[in-house]
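Starting from the known structure of chain W, arrange chain D on it as the hints suggest.
Spelled out, the chains give:
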Amino acid sequence: MEEIIAPLLDEIIRALDTTKTAIDHDTIRKELVTLLEYKVPPDEAKRSLLKKYATNDIQEKKSLADIQGGERNIEITARILNINLKVVGIKGEEHTIFIGTMADETGARSFTSWEDFGINEGDILKITNCYVRIWQGMPQINFGPRSTVDRLDPKTIDPLPIKKLNIPIPLVELETGTSFIHTIFRIIEVEQQKINTKNGPKTIIKGIGADSSAKLPFTSWILDPELVIDNTVEIKNAHVRSWQGIPTINIDEFTTIHRSKTVLSAYDISEVLDPVPVRLNCIVNKDGAFDVIVEGSIISIRPWSGLIKRCPKCNRVIRKNTCRIHGHVKGIDDLRIKSILDDGTGVLTIILDSNLTQKIIDISIEKAVTMASTNMNSSFLEEEIKRKLLGRTMQLRGNMTRGEYGITLVATDAQLIEIDTITKACTLIQEMQHSIREEESL
Amino acid sequence: MIEREVAWRVFAYEFNSSNYFFHEGDERSPNYLVTPTGAMINRLYIVGVFTEVDNLQSEEEMFKARISDPTGAFTIYAGQYQPEAAILLSGLDIPSFASVTGKARTYEPEKGKIYTSVRPEELYITNSNIRDKWILDTAHLSFERIQLVRRALHSTMNDEDLKAMLIQYGASVELADGITRAIKYYSDLDKYLDELITVIINALKTLLPEDFHPDIEKKTSKNEGSDTDRIIYELMKQLDKGKGVQLAQLVDESGHIGITEEQVHESVKNLMSEGKCYEPRIDILRRV
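Chains W and D, in that order, give the protein sequences. Letter 102 of the first sequence, counting from 1, is numbered 102 in the numbering used here, and no numbers are missing. Letter 26 of the second sequence, counting from 1, is numbered 26 in the numbering used here, and no numbers are missing.
It is worth saying that the hints were derived from the structure and are not from the lab. Built from N, CA and C at the ideal position, the CB exists for glycine as well. You may find that some hints are simply not true.
Derived DEER-like restraints, expressed as beta-carbon distance ranges [unchecked claim]:
{"id": "1", "chain 1": "D", "residue 1": "K111", "chain 2": "W", "residue 2": "V276", "range": "45 to 51 Å"}
{"id": "2", "chain 1": "D", "residue 1": "K113", "chain 2": "W", "residue 2": "R392", "range": "35 to 41 Å"}
{"id": "3", "chain 1": "W", "residue 1": "R47", "chain 2": "D", "residue 2": "E84", "range": "47 to 53 Å"}
{"id": "4", "chain 1": "D", "residue 1": "L239", "chain 2": "W", "residue 2": "I422", "range": "33 to 39 Å"}
{"id": "5", "chain 1": "W", "residue 1": "Q193", "chain 2": "D", "residue 2": "R286", "range": "52 to 58 Å"}
{"id": "6", "chain 1": "D", "residue 1": "P109", "chain 2": "W", "residue 2": "R392", "range": "38 to 44 Å"}
{"id": "7", "chain 1": "W", "residue 1": "V172", "chain 2": "D", "residue 2": "K205", "range": "36 to 42 Å"}
{"id": "8", "chain 1": "D", "residue 1": "I94", "chain 2": "W", "residue 2": "S435", "range": "33 to 39 Å"}
{"id": "9", "chain 1": "D", "residue 1": "S187", "chain 2": "W", "residue 2": "V172", "range": "39 to 45 Å"}
Just chain W, with the same shape it has in the complex:
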């Protein structure tokens, strides 16, 4: 028993010390023993005692790269990279808040301060009682009246390395959830879009940027004359958030946009524009992939492929004309294929919409409806799809996302691949024979 109690007690006392709580070791020890005798798990016992005796919340030190969203009572030490004042309406009243970006040695994140702490750019701060919330798809540090902000002397503490923030990073390395990014890309698609926001209609710019490593969509909340097609722009202090599962560069009023001194020519980005198939093991560990080409074998056709019905109100797939949200509805006929693509190195679910399904199985939706009614069976088409596709090699293009239902690629194009097995076999035999000789000559 003692070997469990001693270290646990130690942890509890150390944690309580940090909150400057006056404590009586014997009382805590006695209560800890009681809890353990009641067969409460050690972690739960610790939590219970901290809750009971701590006058302040226990602070957990966190690095910026480790925050996920939803944490409370955390302590952050970071350098303020930039800070801006913003007036927002909260419950009908005007309120001044401060938003900006902070960085520690692990990374940079955006923050919101709900109080005026007199923070300046370049300050190194220790902030307690922070909480993390997900704002526009990114974890963001929040602090306010309950927090304490201590200014650390920049001389006594190691200057937090922010050098790498000054070097533009290639698009392929941008990760969802990072702030204060600096990158250079060429604009290959761009258009203005009118959207409705809380504050009325707003015009934004949506587009696609590319460098020699990747291409990514971007959204700009400001109209900047440099954001035009074929321009190479240098973007500082933008952030990357997930938009429909795809990392997207977000440009806002605090981002600086310049025409880049290094110009990316059409040739520099040509490989990215005309992508070659990637192996599945290269993408299935990522959060999402934008406009990729994959190739593999169709090893399984999932249920609810073929002729399906959708709810006319919410577009959900329904059965027996009953939507789980809208009850009894008259379903709309639709075609789709949901299947498993596996290339032996990775696996994902692929989804083909009505148009692609018609192209691949060469059956129109009208014909499918007629076939289903003459066969008195709507799963007839699912069987037909299995017969035509199982085992076949398919190449698809589209966006890959990771979600509740696993890794999914929604296809924007799909085709079945015919392979000249004789030629391929010859080449491979030669390569293999060559490798034997090479091995012998060593």
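Relative to the frame of chain W, chain D by itself:
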């Protein structure tokens, strides 16, 4: 959310010479069969020919079947928990082309004697085109694994560095893990890999038409081509200090014995098409 396990491609020859089955973590975590080339198989995908189906007249309905590829045969067991596969097996014509997605299983009747088998999840009748493509894919992926294992065998790195290097060379995280395990577990791997390559080459040869004689054999035959070709071929050997010969150097040296630059280019072209030399990098030549 639990992610779906990839379906590995291995030939029966390799599957049946695997005997490293392991399980880590709690009871819900998956089992893996690690093959000599480091495939870490929980699930696999096979396309082959059913050559045998038996109804094992045991207490419960259980079918045992053999599905063969050019290198050997996989054993498949399907019972009451695989009703669709069992029904299909019960009425199967022998032989027929079929594809199987399933889980790797092992049976160890006595210490050191391990039998591998497959418990099917999905089983479909298919055709020879799809089988041929499977042989090609499986050969390709197996060969890649073999090359990675060879790299691993030649390295002296610790586990973590080795995994990082293998991933750098294109291995998936699972394969890097599998290879790191395989090279520790299996003995005499170098010899095994040589055997496996020969087995795979023979499997690939089944894809070629019977009257088809690829230039593969020609590679070893000598005393062909012109005198100039032979001189250039000999020069390549003399000048090669282990990293190939620069084309410019070859032209220089040939110039001393009265062979023009055009002749050198012509000879190099001939030697390449005969499969006697290749160009590992641009303007670098090497004898095969």
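### Satisfaction of the hinted span 33 to 39 Å by the C-beta atoms belonging to I94/D and S435/W
holds, 37 Å
### Query
Is the distance from the Cβ of S187/D to the Cβ of V172/W consistent with 39 to 45 Å?
holds, 41 Å
### R392/W and K113/D - C-beta distance against the hinted 35 to 41 Å
Distance hint for K113/D, R392/W holds at roughly 39 Å.
#### Entry: V172/W paired with K205/D, Cβ distance criterion 36 to 42 Å
holds, 40 Å
### Cβ distance range 38 to 44 Å for P109/D and R392/W, holds or violated
Holds, since P109/D and R392/W (Cβ atoms, about 39 Å apart) stay within the stated range.
### Whether the CB-CB distance between L239/D and I422/W falls inside 33 to 39 Å
At 37 Å between Cβs, range holds.
### Message
If I claimed the Cβ atoms of K111/D and V276/W lie 45 to 51 Å apart, would that claim hold in this structure?
### Response
holds, 49 Å
### Message
Just to be sure I understand the hint, the distance between the Cβ atoms of Q193/W and R286/D should be within 52 to 58 Å; is that true here?
### Response
Check passed, 56 Å falls within 52 to 58 Å.
### Query
Is the distance from the Cβ of R47/W to the Cβ of E84/D consistent with 47 to 53 Å?
With Cβ atoms ~49 Å apart, the hint holds.
Violated hints are absent here; each numbered hint is respected by the structure.
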